[in-house]
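*Asks:* Quick mapping for you: the protein sequence lines, in order, are chains A and B.
To convert, note that position 118 of the first sequence is 118 in this note's numbering; the numbers rise steadily by one, no gaps.
To convert, note that position 224 of the second sequence is 224 in this note's numbering; the numbers rise steadily by one, no gaps.
What the hints contain is simulated information worked out from the structure, not anything from laboratory work.
Every residue, glycine too, gets a C-beta built ideally from N, C-alpha and C.
Errors might be hidden in some of the hints.
[Stated by the list, open to error] Reference excerpt, derived from the structure (chain B facing chain A, CB under 7 angstroms, subset only):
1. V57
2. R58
3. A59
4. G123
5. W132
6. V134
7. E163
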Amino acid sequence: MKRALPVLVLSVAGLIPLWRYAPSHDTGSASAATAPASTPSVSSSGGTTSTVVSGSTVDTEKGPVQVEVTFDGDRIASVRMLRQPDHPQTTAAVPRLIEETLQAQSADIDTVSGATVTSDGYKESLQAAIDARG
Amino acid sequence: MGRVEHVMGFPVSVRIDDEDFPGTPVDDLFAWLREVDARFSPFRPDSEVSRLDRGEVRAPSQGLREVLDLCEEYRIATGGAFDVRLPGRRLDPCAVVKGWSVQKGADLLSAAGATRFCLNAGGDVIASGGPWRVGVRHPEHADRLCTVLDVTDRAVATSARYERGDHILDGRSGRPATGLLSMTVVAPTLTEADAVATAAFALGREGAGWAAARENCEVFAVDADRRVLRSAGFPAAGAGGVAAA
Numbered sequence: 001m002k003r004a005l006p007v008l009v010l011s012v013a014g015l016i017p018l019w020r021y022a023p024s025h026d027t028g029s030a031s032a033a034t035a036p037a038s039t040p041s042v043s044s045s046g047g048t049t050s051t052v053v054s055g056s057t058v059d060t061e062k063g064p065v066q067v068e069v070t071f072d073g074d075r076i077a078s079v080r081m082l083r084q085p086d087h088p089q090t091t092a093a094v095p096r097l098i099e100e101t102l103q104a105q106s107a108d109i110d111t112v113s114g115a116t117v118t119s120d121g122y123k124e125s126l127q128a129a130i131d132a133r134g
Numbered sequence: 001m002g003r004v005e006h007v008m009g010f011p012v013s014v015r016i017d018d019e020d021f022p023g024t025p026v027d028d029l030f031a032w033l034r035e036v037d038a039r040f041s042p043f044r045p046d047s048e049v050s051r052l053d054r055g056e057v058r059a060p061s062q063g064l065r066e067v068l069d070l071c072e073e074y075r076i077a078t079g080g081a082f083d084v085r086l087p088g089r090r091l092d093p094c095a096v097v098k099g100w101s102v103q104k105g106a107d108l109l110s111a112a113g114a115t116r117f118c119l120n121a122g123g124d125v126i127a128s129g130g131p132w133r134v135g136v137r138h139p140e141h142a143d144r145l146c147t148v149l150d151v152t153d154r155a156v157a158t159s160a161r162y163e164r165g166d167h168i169l170d171g172r173s174g175r176p177a178t179g180l181l182s183m184t185v186v187a188p189t190l191t192e193a194d195a196v197a198t199a200a201f202a203l204g205r206e207g208a209g210w211a212a213a214r215e216n217c218e219v220f221a222v223d224a225d226r227r228v229l230r231s232a233g234f235p236a237a238g239a240g241g242v243a244a245a
């Protein structure tokens with residue numbers, strides 16, 4: 001279920017160093033086992049270099065997983081799933097969000113969550129009123 | 001007992017309901033937060049974060065390594081939308097430092113025997129024991145709420161644009177994240193709730209589903225079209241206790 005996501009993330013995290021270090025340590029057969037499954041494709045546009053790398057397929061307990069990572073220079077621009085387990089539990093991991101209308105309400109509360117960062121904002125806030133009440 | 005102090009650039013309120021709870025652990029809590037500010041603020045030139053950013057720190061402290069590891073975890077998990085190292089900007093791990101340090105501060109109170117307390121750091125809440133009623137500020141009306149939660153042993157964090165404007169950037173584009181007005185996350189710890197709320201906010205509207213898919217996270221998001229997106233398990237208080245106005 002939701003456990004599928006950390007597995008995928010770990011797979012991505014694990015593949016990146018393999019690719020990044022492969023070129024500088026490419027001394028032959030030793031690195032062959034850890035090299036990515038496909039050759040990176042590089043394209044340049046407007047001064048930045050975009051590199052797309054497909055990772056090798058990793059077998060997880062839910063099935064095979066393969067990701068494609070797009071680098072913008074040295075940074076990761078995006079990560080895309082090329083293969084993911086076709087398993088009912090993975091499908092169920094996509095959460096169903098309930099859509100509602102935004103409401104404004106008042107209520108008796110103990111504390112307030114909300115970006116209350118500035119001093120002026122705090123002075124005007126419900127939280128300040130609660131703190132003053134003690 | 002209750003105490004309010006301004007530290008790390010925001011107000012921190014603590015209310016402890018355990019009878020005769022001593023003041024020393026509360027002093028320790030605020031001393032820890034002041035120490036965190038001195039060590040991790042990117043706005044202080046002599047902080048460890050600023051020195052690291054200038055290349056003057058060879059071996060970051062254990063605490064800073066924890067923070068940077070968390071930042072990297074969320075950068076990867078968001079495909080680069082959450083990124084504390086943006087081109088042309090200073091290293092700014094504030095979003096992670098806040099939740100991480102306030103959670104550690106709350107752990108000091110728990111270790112000293114506090115069982116029922118509520119800690120609010122700039123709108124991010126740790127509710128220990130309970131149940132506690134936590135209101136979520138309405139994104140457009142500072143004196144109103146958009147929902148109320150009943151929580152026990154949970155943390156609640158909200159990221160929003162209403163106080164500091166477009167301060168959260170989408171690392172994928174380098175531009176302000178504008179898909180959401182407000183993003184509230186409920187999680188077991190504030191370390192997670194705060195980081196997930198900020199990272200989801202950076203992702204924009206897709207961040208609501210992304211956060212809801214994380215184990216133990218419940219979300220309440222208001223998108224730019226003023227629609228509410230909430231997870232099925234979000235612990236909203238029963239309608240009986242809320243007076244709609």
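*Asks:* Close enough to count: is the Cβ of B/R58 nearer than 7 angstroms to one in chain A?
*Replies:* Because about 21 angstroms separates B/R58 from the closest Cβ in chain A, which is outside the 7 angstroms limit, the hint is violated.
*Asks:* Holds or violated: B/V134 as interface residue toward chain A, Cβ cutoff 7 angstroms?
*Replies:* holds (6 angstroms)
*Asks:* Is the interface hint for B/A59 satisfied, with its Cβ closer than 7 angstroms to some Cβ of chain A?
*Replies:* violated (21 angstroms)
*Asks:* Hey, does the B/E163 contact hint survive, CB to chain A under 7 angstroms?
*Replies:* holds (5 angstroms)
*Asks:* Should the hint that B/G123 touches chain A count as held when the rule is a Cβ pair under 7 angstroms?
*Replies:* holds (4 angstroms)
*Asks:* Let me know if the C-beta of B/W132 comes in closer than 7 angstroms to any C-beta of chain A, holds or violated.
*Replies:* holds (5 angstroms)
*Asks:* Is the shortest C-beta separation between B/V57 and chain A less than 7 angstroms?
*Replies:* With a minimum Cβ separation of about 21 angstroms from chain A (threshold 7 angstroms), the hint on B/V57 is violated.
The structure does not agree with the numbered hints 1, 2, 3 stated previously, though it agrees with the rest.
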